[in-house]
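On the provided structure of chain U, position chain W as indicated by the hints.
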Amino acid sequence: MTNARAFAALADPTRREVFERLAHGPLAVGELARGLPVSRPAVSQHLKVLKDAGLVTDRPEGARRVYQIDPHGLGQIRAWLDQFWDTALDAFKAAVERDGDPPADEDKP
Amino acid sequence: MSSTTIKPAAIRKTLTVRATPERAFEVFTAGFDSWWPKTHYIGSSPLKRAVIEPGVGGCWYGLHEDGAQNLWGDVLAWEPPARLLLAWRITGEWAYDPDLLTEVEVRFTGVGENQTRVDFEHRGLERFGDSDAADRTRVSMDGGWGTILESFQAAANA
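Chains U and W, in that order, give the protein sequences.
Its first residue numbered 0, the first sequence is counted upward by one per residue in numbering that gives the first Met the number 0.
Its first residue numbered 0, the second sequence is counted upward by one per residue in numbering that gives the first Met the number 0.
Okay, chain U solo, but in the shape it has when bound (with noise of 0.2 Å):
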């Protein structure tokens, strides 16, 4: 079932977080593995299982390769959702705090 095995591949926190940069355009490798806690071999490895899973496409670029996440891969739609309940859910903050009354003990300038 390619769904459970999209799915199974995300779980791994580090894999997540790969997954999550490539929400945001390609990359190749030493791109992702920029600011991430482990080696650029680890990153190669969560790559592999994301590739297996159906969840990434990768594609020679020159020297080097670059990954992709699947457009029909269904984990896009989580990636997808969790960064715009992100922005939403910061828009609502903003919203309840800007509109509201101001509290009591909060001066005004």
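A portion of the hints provided could be inaccurate.
[Said to hold, decoys possible] Non-contacting residues of chain W with respect to chain U, defined by C-beta distances greater than 10 Å in every case (computed): (1) I10; (2) H39; (3) W77; (4) E102.
[Said to hold, decoys possible] Taking lysine to any residue pairs in the SDA-like style, the calculated list, with each CA pair at most 20 Å apart, reads: (5) W:K12 to U:P40; (6) W:K12 to U:D85; (7) U:K50 to U:P40; (8) U:K92 to W:A29; (9) W:K12 to U:A90; (10) W:K37 to U:D81; (11) W:K37 to U:A93; (12) W:K37 to U:A87; (13) W:K47 to W:L70; (14) W:K37 to W:T19; (15) U:K92 to W:R48; (16) W:K47 to W:W93; (17) U:K92 to W:I41; (18) W:K47 to U:T86; (19) U:K50 to U:P25; (20) U:K92 to W:R116; (21) U:K92 to W:L70; (22) W:K12 to U:K50; (23) W:K37 to U:T86; (24) W:K12 to U:P25.
Hints were generated in silico from the structure; no laboratory data involved.
For each residue, glycine too, the CB sits at the ideal point set by N, CA and C.
Only chain W this time, still in chain U's reference frame:
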């Protein structure tokens, strides 16, 4: 290969807002249009207004500049000021599908004077894979997805 079915983790978010639960619930629902990102809608016409109708059985939907109304789902539980449960019936291909049920639950808990913790959960994501309509329209996903991600990035960077 293991045959164990693993469901996707629900999307969970927790935030604290400077407001009472009553106010937070009200802004989330009655004030939905004041915060819903206008960059996020389904259909081809720009979003004019986003609405959550009060009460169980109410709908949430977008009203568009061309006059169209695009349903997103309906209200499954309406328990002000503590809890709201919405059905999100939009497929991964940005189409309304009445047979799709994913749930968006929002809980509002007072945690101090004028402070409310908001626990958000979007669950049942495994059902995105169930719909025949999703399979039929999957081909059209690439373009739409790219556009929406660009909108998202613009909103996030604004």
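Hints and how they fare:
1. With a closest Cβ-Cβ approach of about 5 Å to chain U, W:I10 is found to fall inside the 10 Å limit, against its non-interface label.
2. The claim that W:H39 lies off the interface is violated: its Cβ sits roughly 7 Å from the closest Cβ of chain U, which falls inside the 10 Å cut-off.
3. Interface exclusion of W:W77 from chain U stands, the closest Cβ pair being 17 Å apart, more than 10 Å.
4. Interface exclusion of W:E102 from chain U stands, the closest Cβ pair being 12 Å apart, more than 10 Å.
5. Proposed proximity of W:K12 and U:P40 is contradicted: the alpha carbons are some 31 Å apart, above 20 Å.
6. Between the alpha carbons of W:K12 and U:D85 the distance comes to roughly 8 Å, so the proposed pair stays at or under 20 Å and holds.
7. Distance restraint check for U:K50 and U:P40: the Cα-Cα separation of roughly 15 Å lies within the 20 Å cut-off, and the hinted pair is therefore satisfied.
8. Restraint check: the Cα-Cα separation between U:K92 and W:A29 comes to about 14 Å, which is no more than 20 Å; the hinted pair holds.
9. Proximity of W:K12 to U:A90 is assessed by CA-CA distance (about 13 Å); at most 20 Å being required, the pair is judged to hold.
10. A C-alpha spacing of about 17 Å is found between W:K37 and U:D81, which places the hinted pair at or below 20 Å, so the restraint holds.
11. Distance restraint check for W:K37 and U:A93: the Cα-Cα separation of roughly 15 Å lies within the 20 Å cut-off, and the hinted pair is therefore satisfied.
12. Of the supplied pair hints, the one linking W:K37 and U:A87 holds, its CA atoms being roughly 10 Å apart against a limit of 20 Å.
13. Annotation: proposed proximity of W:K47 to W:L70 holds, straight-line Cα distance about 14 Å (limit 20 Å).
14. For a cut-off of 20 Å, the pair hint linking W:K37 to W:T19 is broken: about 26 Å separates their Cα positions.
15. Proposed proximity of U:K92 and W:R48 is supported: the alpha carbons are some 19 Å apart, at most 20 Å.
16. Among the hinted pairs, W:K47 with W:W93 is consistent with the structure: their alpha-carbon atoms are about 17 Å apart, no more than 20 Å.
17. The hinted pair formed by U:K92 and W:I41 fails the criterion: a straight-line CA distance of about 23 Å is larger than 20 Å.
18. This hinted pair checks out: W:K47 and U:T86 have alpha carbons roughly 19 Å apart, not beyond 20 Å.
19. Pair hint U:K50 plus U:P25 holds up; C-alpha atoms about 14 Å apart against a cutoff of 20 Å.
20. Taking the CA atoms of U:K92 and W:R116, the gap is near 11 Å; set against the 20 Å cutoff, the hint holds.
21. Distance check on the hinted pair: U:K92 and W:L70 sit about 24 Å apart at the alpha-carbon level, beyond 20 Å; violated.
22. Proximity of W:K12 to U:K50 is assessed by CA-CA distance (about 28 Å); at most 20 Å being required, the pair is judged violated.
23. Our distance criterion of 20 Å between C-alpha atoms is met by W:K37 and U:T86, whose separation comes to about 11 Å.
24. Under the criterion of a C-alpha separation no larger than 20 Å, the hint pairing W:K12 with U:P25 is inconsistent with the structure, at around 26 Å.
The earlier numbered hints that this structure contradicts are 1, 2, 5, 14, 17, 21, 22 and 24.
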